[in-house]
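Engineer: Given the sequences, and given the hints that come with them, work out the whole structure.
Number of protein chains: 2
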Amino acid sequence: MAKLTSRSEDYSKWYNELVVKADLAENSGVRGSMVIKPYGYAIWEKMRDEMDKKFKETGHVNAYFPLFVPKSLFEAEEKNAEGFAKECAVVTHYRLKNDPDNPGKLIVDPEAKLEEELIVRPTSEAIIWNTYKGWIQSYRDLPILINQWANVVRWEMRTRLFLRTSEFLWQEGHTAHATKDEAVEEAEKMNKVYADFAENFMAMPVVQGLKTPSERFAGADETYCIEALMQDGKALQAGTSHFLGQNFAKAFDVKFTNKEGKIEHAWATSWGTSTRLMGALIMTHSDDLGLVLPPTLAPIQVVIVPIFKGEEQLNQISEVALEIQNKLKLKGISVKFDNDTQNKPGWKFAEYELKGVPLRIAMGPRDLENKSVEIARRDNLTKETRPLEGLDSYIEDLLKTIQQDMYTKAFEFRKNNFTKVDSYDEFKKVLEEKPGFIYAHWDGTAEEEEQIKEETKATIRCIPLDDDIEEGVSLISGKPSKRRVLFAKAY
Amino acid sequence: MAKLTSRSEDYSKWYNELVVKADLAENSGVRGSMVIKPYGYAIWEKMRDEMDKKFKETGHVNAYFPLFVPKSLFEAEEKNAEGFAKECAVVTHYRLKNDPDNPGKLIVDPEAKLEEELIVRPTSEAIIWNTYKGWIQSYRDLPILINQWANVVRWEMRTRLFLRTSEFLWQEGHTAHATKDEAVEEAEKMNKVYADFAENFMAMPVVQGLKTPSERFAGADETYCIEALMQDGKALQAGTSHFLGQNFAKAFDVKFTNKEGKIEHAWATSWGTSTRLMGALIMTHSDDLGLVLPPTLAPIQVVIVPIFKGEEQLNQISEVALEIQNKLKLKGISVKFDNDTQNKPGWKFAEYELKGVPLRIAMGPRDLENKSVEIARRDNLTKETRPLEGLDSYIEDLLKTIQQDMYTKAFEFRKNNFTKVDSYDEFKKVLEEKPGFIYAHWDGTAEEEEQIKEETKATIRCIPLDDDIEEGVSLISGKPSKRRVLFAKAY
Chain B
897 MAKLTSRSED
907 YSKWYNELVV
917 KADLAENSGV
927 RGSMVIKPYG
937 YAIWEKMRDE
947 MDKKFKETGH
957 VNAYFPLFVP
967 KSLFEAEEKN
977 AEGFAKECAV
987 VTHYRLKNDP
997 DNPGKLIVDP
1007 EAKLEEELIV
1017 RPTSEAIIWN
1027 TYKGWIQSYR
1037 DLPILINQWA
1047 NVVRWEMRTR
1057 LFLRTSEFLW
1067 QEGHTAHATK
1077 DEAVEEAEKM
1087 NKVYADFAEN
1097 FMAMPVVQGL
1107 KTPSERFAGA
1117 DETYCIEALM
1127 QDGKALQAGT
1137 SHFLGQNFAK
1147 AFDVKFTNKE
1157 GKIEHAWATS
1167 WGTSTRLMGA
1177 LIMTHSDDLG
1187 LVLPPTLAPI
1197 QVVIVPIFKG
1207 EEQLNQISEV
1217 ALEIQNKLKL
1227 KGISVKFDND
1237 TQNKPGWKFA
1247 EYELKGVPLR
1257 IAMGPRDLEN
1267 KSVEIARRDN
1277 LTKETRPLEG
1287 LDSYIEDLLK
1297 TIQQDMYTKA
1307 FEFRKNNFTK
1317 VDSYDEFKKV
1327 LEEKPGFIYA
1337 HWDGTAEEEE
1347 QIKEETKATI
1357 RCIPLDDDIE
1367 EGVSLISGKP
1377 SKRRVLFAKA
1387 Y
Chain D
897 MAKLTSRSED
907 YSKWYNELVV
917 KADLAENSGV
927 RGSMVIKPYG
937 YAIWEKMRDE
947 MDKKFKETGH
957 VNAYFPLFVP
967 KSLFEAEEKN
977 AEGFAKECAV
987 VTHYRLKNDP
997 DNPGKLIVDP
1007 EAKLEEELIV
1017 RPTSEAIIWN
1027 TYKGWIQSYR
1037 DLPILINQWA
1047 NVVRWEMRTR
1057 LFLRTSEFLW
1067 QEGHTAHATK
1077 DEAVEEAEKM
1087 NKVYADFAEN
1097 FMAMPVVQGL
1107 KTPSERFAGA
1117 DETYCIEALM
1127 QDGKALQAGT
1137 SHFLGQNFAK
1147 AFDVKFTNKE
1157 GKIEHAWATS
1167 WGTSTRLMGA
1177 LIMTHSDDLG
1187 LVLPPTLAPI
1197 QVVIVPIFKG
1207 EEQLNQISEV
1217 ALEIQNKLKL
1227 KGISVKFDND
1237 TQNKPGWKFA
1247 EYELKGVPLR
1257 IAMGPRDLEN
1267 KSVEIARRDN
1277 LTKETRPLEG
1287 LDSYIEDLLK
1297 TIQQDMYTKA
1307 FEFRKNNFTK
1317 VDSYDEFKKV
1327 LEEKPGFIYA
1337 HWDGTAEEEE
1347 QIKEETKATI
1357 RCIPLDDDIE
1367 EGVSLISGKP
1377 SKRRVLFAKA
1387 Y
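Which chain is which? The protein sequence lines are B and D, in order.
Okay, so the first sequence: first residue is 897 according to my numbering, each after it adds one.
Okay, so the second sequence: first residue is 897 according to my numbering, each after it adds one.
Among the hints, erroneous ones may be present.
[Unchecked claim] Okay, derived cross-link-like pairs now, DMTMM-like style, lysine to aspartate or glutamate, Cα gap no bigger than 25 Å in a straight line:
no., chain 1, residue 1, chain 2, residue 2
1, B, 942, D, 945
2, B, 993, D, 1012
3, D, 1378, D, 1084
4, B, 952, D, 919
5, B, 1001, D, 1149
6, D, 1240, D, 1183
7, D, 1088, D, 953
8, B, 1151, D, 922
9, D, 982, B, 995
10, B, 942, B, 1343
11, B, 1225, D, 1084
12, D, 1378, D, 1344
13, B, 1130, B, 1322
14, D, 952, B, 919
By construction, these hints were calculated from the structure, which means they are not laboratory data.
Structural biologist: Rendered as structure tokens:
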């Protein structure tokens, strides 16, 4: 097994190699579309199931809306249409026919041209609000709290596995409310749900904040987000939650009679996370040996590798290994006993390191004699010898410790790569020498934001939600500012 | 709440009304595409989760492959391409632009024409076998046992909610094997998994069989299927499992070195079920009052409806109702306590009948006094009074009884609508007077099959797998036949 390119050598190359070699995903024969391989999909399934649970606990239900959006519906909300028009896949025909000039080949049948083109959904506000129109007449029909798990397509010119693909999997929540306050509260609540998921399940610290107007979702009045910091000092937007005001209700004429008997437009939110989270997961925790998975997301949490010569030794070890496996399974821990006889233990060690299995138990004849095993942690690469007695409880606790340690390590990294700066020169210097989150004053104008972006490629990731007011002056214009914002180069 | 059209009056109208009124699905603004509403989706989720569990128990893993199939890949397996070319959605462009003649409107940007058209997957053999090519070199890479949950598009001219829609949700298994025997075994095994799911989870009896050559999946050497009988005497194909031979391996050049060191093409299967199962579920069990759900698939298994005058009575009833609810929840039973004060009990009774909730518990002041409740079964509409004491265990058992009774009822119906005939006249008479499965001899030719189909609209649903050899003569040609086949009109 060839080693991965190291992170210090070429972070981007390391990432691409890791995704492919750890069997997470690969590029497909379709431009910009990836194949999510079984091991990668198993991790995504765990993310999905946990988020789904959280959505249901907060009162949401799932539904499914059409993949295709007729052009006229797509156009209805102007800003949203404009935002996605330049990167959408368009269905124009509904049939192929035999190519008369090339036997065995097919061509588009010109007689099967659609009267109206269909857009493959880049996001579903349009199709969903067109549906909600039929569901909402009275305040009694509200709120509607729906989530959808689906594929969406955005025609990206430069793609990267998980981070930016033309087709990706995601969830999109779409809610309708009787009042503005309730919709704002929902948007804020779901951003918190995302933060909670990222921190407690992905072991990935995030900053919760508001996007600046120029970074908002097309069609939103306000965009909340969670921003994470990757190991190379670049930020990654890990989830967004939008307060959509009455924009879509107006575009699709969704009105209701309120408690006072007056007719008004409904208030909306939408919120989403995607398979991009897989990229965030990788770039938060992994190392030069491969993937590092938090126990909550690991398809295999513990692997048992026997060290043996000959069948008799293997049989003796197997007996004990299967016992350990059963005990751990009873505790809800997923365990693989790798009794394959083709590959050497060293090969297996490297393989499970590459795949990010949180704990490895190795067991040889001497361990058998001593009634002990060797336990190796993937996250910090430490090893220790432990007695068989009480091993299951020890491992159960250790998995929790690993989860916590991984969060702490990522948190410390972020802390060390979070710099307050008070001048533009310092800003540029930090961005060059110690990239990460840069915390600085901004004058609140799109002009200054744009100038900084053009000159440094850093963008305002968010206006953090929980920060105190602090008087200062902005980086370029020198105008007064009341709070700092978070800058970074970003994925 | 307006009553449903009765089944005897107009079965098709009854079905359409039921789907919409029970909040399962509705037509969307997109031709032939449906919106699966939260209540319908919750039932589909239960189907999906149970099937997913069964697939994993039989050694399969999930993955995700691209939505789009480049035309050249689509063409590669000739029969498959031919089978789906006439009903596929084709993406030809990847961008819209502002319409210079109509401000605010968008048109397809002619400069963003794709070099190669993309087909929205009608099924994924092509894209998947093109991927497997990179995964399979040696017999050690086999078998590959992958399933995918996805949306697919087949451009249907006449659509009906769940039964035939342009876009639908499904799962598609795609496996690769080193030997023919193993692939055949897999195709048979998965057909049995489907039968087991249909019978034990949907309470829907099915016949397992083989399709005739003319009814096979495009590109298959053999198609296994499960066929169910709907209340109106029409059959519904509820799942299919295909032995694909080496057709796709040859089309996509997927070769491997076998144990003997020789190079050969891999053997394939694919198998699928879809949201069509929702239609099958409805038409197997429901009645003129609405949906009837087997307990295994009911999002709400038990509803508690208080009968009260005034707040004090409601409070007294609530106390006991919540206690019942908690006890049932501890047994893993999903219970709704409907303490809404706007709708009358009678309205609620009708509503939960329409939604197919298996058990209704009604509780009034007299019940409170007697320490009893009234229990009503949705499946057979019987009611009884039961003491509070031991109610949770009683209900737990009753739900199992309902599941069994629903299967038995459907099984009896099928038995009563299963007719052996020995002449074509009799065949036509039965089809007219007592439609259902008709069991008759066939000469094995496509000609006789086609003639029967043209003259009666009945098709051969399958050649049942488990039947004995029985000498006879075929319906039209009078040629000798060794076994009967199953005819029916079908959805």
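Engineer: Each of the hints needs a verdict: does it hold here or not?
Structural biologist: Here is how each hint holds up against the structure:
Proposed proximity of residue 942 of chain B and residue 945 of chain D is supported: the alpha carbons are some 14 Å apart, at most 25 Å. The hinted pair formed by residue 993 of chain B and residue 1012 of chain D meets the criterion: a straight-line CA distance of about 15 Å does not exceed 25 Å. With a C-alpha separation of about 22 Å, the suggested pairing of residue 1378 of chain D with residue 1084 of chain D holds against the 25 Å cut-off. Taking the CA atoms of residue 952 of chain B and residue 919 of chain D, the gap is near 19 Å; set against the 25 Å cutoff, the hint holds.
Taking the CA atoms of residue 1001 of chain B and residue 1149 of chain D, the gap is near 18 Å; set against the 25 Å cutoff, the hint holds. For the hint pairing residue 1240 of chain D with residue 1183 of chain D, the CA-to-CA distance comes to about 23 Å; that is within 25 Å, so the pair holds. For the hint pairing residue 1088 of chain D with residue 953 of chain D, the CA-to-CA distance comes to about 13 Å; that is within 25 Å, so the pair holds. Under the criterion of a C-alpha separation no larger than 25 Å, the hint pairing residue 1151 of chain B with residue 922 of chain D is consistent with the structure, at around 20 Å.
Our distance criterion of 25 Å between C-alpha atoms is met by residue 982 of chain D and residue 995 of chain B, whose separation comes to about 13 Å. For the hint linking residue 942 of chain B to residue 1343 of chain B, the alpha-carbon distance of about 42 Å lies beyond 25 Å, and the restraint is violated. Note on residue 1225 of chain B and residue 1084 of chain D: the hinted pairing is violated, with a Cα-Cα distance of about 31 Å set against a maximum of 25 Å. Taken as a hint, the residue 1378 of chain D and residue 1344 of chain D pair is honoured in the structure, with Cα atoms around 16 Å apart against an allowance of 25 Å.
At most 25 Å may separate the alpha-carbon atoms for a hinted pair to count; residue 1130 of chain B and residue 1322 of chain B meet this at roughly 18 Å. At most 25 Å may separate the alpha-carbon atoms for a hinted pair to count; residue 952 of chain D and residue 919 of chain B meet this at roughly 19 Å.
Hints 10 and 11 from the list above are not met by this structure, while the remaining hints are.
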